[in-house]
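Number of protein chains: 2
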Amino acid sequence: MGVHSVFVKDAVRIPTRRAIVDLPDRQSFPTLTDVARAAGVSTATVSRCLNTSGKVSGATRERVMRAVETLGYTPNFGARALAAKRTFTIGAIIPTMENAIFARGLQAFQETLHDKGYTLLVSSTAYRPDREAEQIRTLVARGADGLLLIGYERDPEIYDFLRSRRVPVLLAWAHQTGNPHPAVGFDNRGAMAALTRAVLAHGHTAIAVISGILRGNDRASERLAGIRGVLQENGLDPHALPVIETAYDIDNGARAFATLMQACDRPTVVMCVNDVLAAGAMQQARAMGIAVPEEVSITGFDDIELARLVTPQLTTVHVPHRQMGSLAARELVRMVETKGEGVSHELQSALRLRASLGRRG
Amino acid sequence: MGVHSVFVKDAVRIPTRRAIVDLPDRQSFPTLTDVARAAGVSTATVSRCLNTSGKVSGATRERVMRAVETLGYTPNFGARALAAKRTFTIGAIIPTMENAIFARGLQAFQETLHDKGYTLLVSSTAYRPDREAEQIRTLVARGADGLLLIGYERDPEIYDFLRSRRVPVLLAWAHQTGNPHPAVGFDNRGAMAALTRAVLAHGHTAIAVISGILRGNDRASERLAGIRGVLQENGLDPHALPVIETAYDIDNGARAFATLMQACDRPTVVMCVNDVLAAGAMQQARAMGIAVPEEVSITGFDDIELARLVTPQLTTVHVPHRQMGSLAARELVRMVETKGEGVSHELQSALRLRASLGRRG
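Protein sequence lines, in the order shown, are assigned to chains A and B.
Just so we're aligned, residue 1 is where the first sequence starts under the UniProt record's numbering, counting upward by one.
Just so we're aligned, residue 1 is where the second sequence starts under the UniProt record's numbering, counting upward by one.
It is worth saying that the hints were derived from the structure and are not from the lab.
Treat the hints with caution; some may be incorrect.
Copies of the same chain are indistinguishable here, so a pair counts whether it falls within one copy or spans any two.
Claimed, not checked - Here are the computed lysine to any residue pairs in the SDA-like style, where the Cα-Cα straight-line distance is at most 20 Å: (1) LYS116 x ARG128; (2) LYS85 x ASP160; (3) LYS85 x VAL140; (4) LYS116 x TYR127.
Based on the provided sequences and hints, a complete structural model is requested.
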């Protein structure tokens, strides 16, 4: 314990080296004063221009903003952060950076944050809840003004922790009507139900599923529930549905497809819980000489770019990634700046019926 | 100015709400003391187990690590950060999250960092140097122990700023022999030169290039220089080479390809500076009814997953993304922990000759 009391004493000195509000280095970066001087106004006026809109006359505002641009002043730091007691940093924790599922939405999220003067820091969990908890605490410790998390399912302790720290949290990539957590997303179950109805309408009844790991992933569970619900509606046994659960990865999709097609009763359609698994299934079909969609149909979910790069193109569910990312940024910034409760927004997904889904006689 | 002095006074109170070292919430998360109690050792022993290796006997060490795992203790926080005066947070700033170019290497980087007890925070610049400068300052302000940046080319002021803050910086995705900045990467120019030699060996002389935006992107410039160098070596005019510069994006690749193929003198091979542009070119070739490789060959760079998902599969340069990410993590942690100079590592890329490159008579 002696060791630790020494460290605790040392700890109070840390902020002097790396202060939580890091003032710009005067030699390298322009200051608020530099901007004020260049624009011929007071620093308070510059501050008003950067922090609010409409309170400074058009001509002055324009002069200030021109000085900001010319000097390359970064309003995220120094005076602005002091004034607002904020860090202008938003954290997002996503399950993976390794495929494009979250990439496009996150890019839109970042663009909108940037327009509002916030910097985005991203962390990824490899779909492991323990890492998410660790990363949430890192981002809170680093002073994030707000957090974007994917989906609803996590230990209630984490929500308690975030509430106790008063860090606004918005969920994305999912929306469940009636769930109290603010979320900007779409109905994963309803979207997959709609795709399943289209699959049945194409004459298929022998369905198999390649799913992501369900534990801790409410998006995957909801999509699977969507398929089962429609089977039940149509008098098919939802529990007889073959489901292979595997981590989201092209090679895993390929392996799962091979397993399904080696069964005595081959499915006539393999529904994949996302496009990455479906791309793996398509690759494996080609390797096994199985014609898509003549011998087997394959469907995905997400409509990321590779859905249109594979041959034949993939039938999938289009998720409005950019709209979701941009709306989530606006909502989260609103929560941070007004200290208000978050408001949920449900976005609409849409079927994309392409050549990988064929008609079964 | 009155406004700001008030804020400055307030600012010193910020660390009490969000301390730079965020002690765990005792109600929600296990503490070092909990781990010590569970393992039947002192907290100092736990601390030694977590901070160093080899100084604690095997059996004790194992007991402590089992308690750490059972309780789900996160050594990133509390005692360990206090002891080391570090935040155990590493920042990486990449040009884009929107496609898979950096995804695989970054995932490996993160995995290795995690094994070493560090959390990764990522930021992306949309290939804009001004944003990179802003994000570097954000990550330094948030207390990152070290930074990973992509490529060499940036304002010298940024390197000065990082040196003045004593933040270790490692570069990746590029390696230039003789350049003093520590980097873990590969020779972009040499790799593209090797591919160009293979293209010439297939009988092509009518080459066109789809490049990324060259400004601020030394990887793209070096690759283009690699092509031009080999043309010169072979008595072809490097300045007559048609080059379309466009942002990395599938649709941009498609558009650039369409432009090249509408020219009177069609190229027999379109060399793309990365796989994303090449995938766009392949898509456009199909849309225009141009057979690949019979009528035109297409090559890429990176060997990301989509290189093998397109039909025909893409000839490209394989970048050892995972090896690079993992090695970069080890080197950067070494720099942070020893406060030593970084050591550069050059990795080898390799040609992947696939069906998209055909022989020209």
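How the hints compare with the structure:
Taking the shortest Cα distances, LYS116 and ARG128 sit within 20 Å of each other only across copies (17 Å), while inside one copy they are farther apart (31 Å). When the C-alpha separation of LYS85 and ASP160 is checked against a cutoff of 20 Å, the pair qualifies neither within a copy, at 23 Å, nor between copies, at 28 Å. For the identical chains of this complex, LYS85 and VAL140 are neighbours both inside a copy (15 Å) and across copies (18 Å), given an alpha-carbon limit of 20 Å. Taking the shortest Cα distances, LYS116 and TYR127 sit within 20 Å of each other only across copies (19 Å), while inside one copy they are farther apart (30 Å).
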